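Heads up: the sequence shown begins at 911 in my numbering, then just goes up one per residue.
Note that these hints are calculated values from the structure, not bench results. Hints are supplied without guarantee of correctness; some may be wrong.
DSS-like mimics (lysine-lysine), calculated; alpha carbons at most 25 Å apart, straight line [what the hints assert, rightly or not]:
id, residue 1, residue 2
1, LYS971, LYS998
2, LYS939, LYS997
3, LYS998, LYS1008
4, LYS991, LYS971
5, LYS971, LYS939
6, LYS991, LYS1008
7, LYS997, LYS1008
8, LYS997, LYS971
9, LYS971, LYS938
Keep in mind it's a predicted model, so treat the numbers as computed, not measured.
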Amino acid sequence: MSDLYDLIHPNASDTLTVRSLFVIDPNKKIRLTITYPASTGRNFHEILRVIDSLQLTDNHKVATPANWQDGDEVVIVPSLKDEEEIKKRFPQGYRAVKPYLRLTPQPNR
């Protein structure tokens, strides 16, 4: 597969691998790339966390803050300004830390 996508450098070592992860959405758009050095193992929990975040943000007009875990508060995207739409999308309300930083309970919970 890596040859098919031309992911192997021509001068790469035959004995030492660099592992890259690509998350590709259903529209065939690359949403995440992570390259791990040969000396570092992958963190599967982080991979699942990112996929959960991507799906959540795609469906609910929110962003996930640093160190977010499933069930934590999320950020209402700054581009969403209509208060009626916000009330409809986030019936549990929100708290404004700053005008551009509005936290709300995770909407799919």
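Exercise for the section: Please write out, lowest number first, the hints stated earlier that are contradicted by the structure. Expected result: Checked against the structure, the only hint that fails is number 2, while the rest are satisfied.
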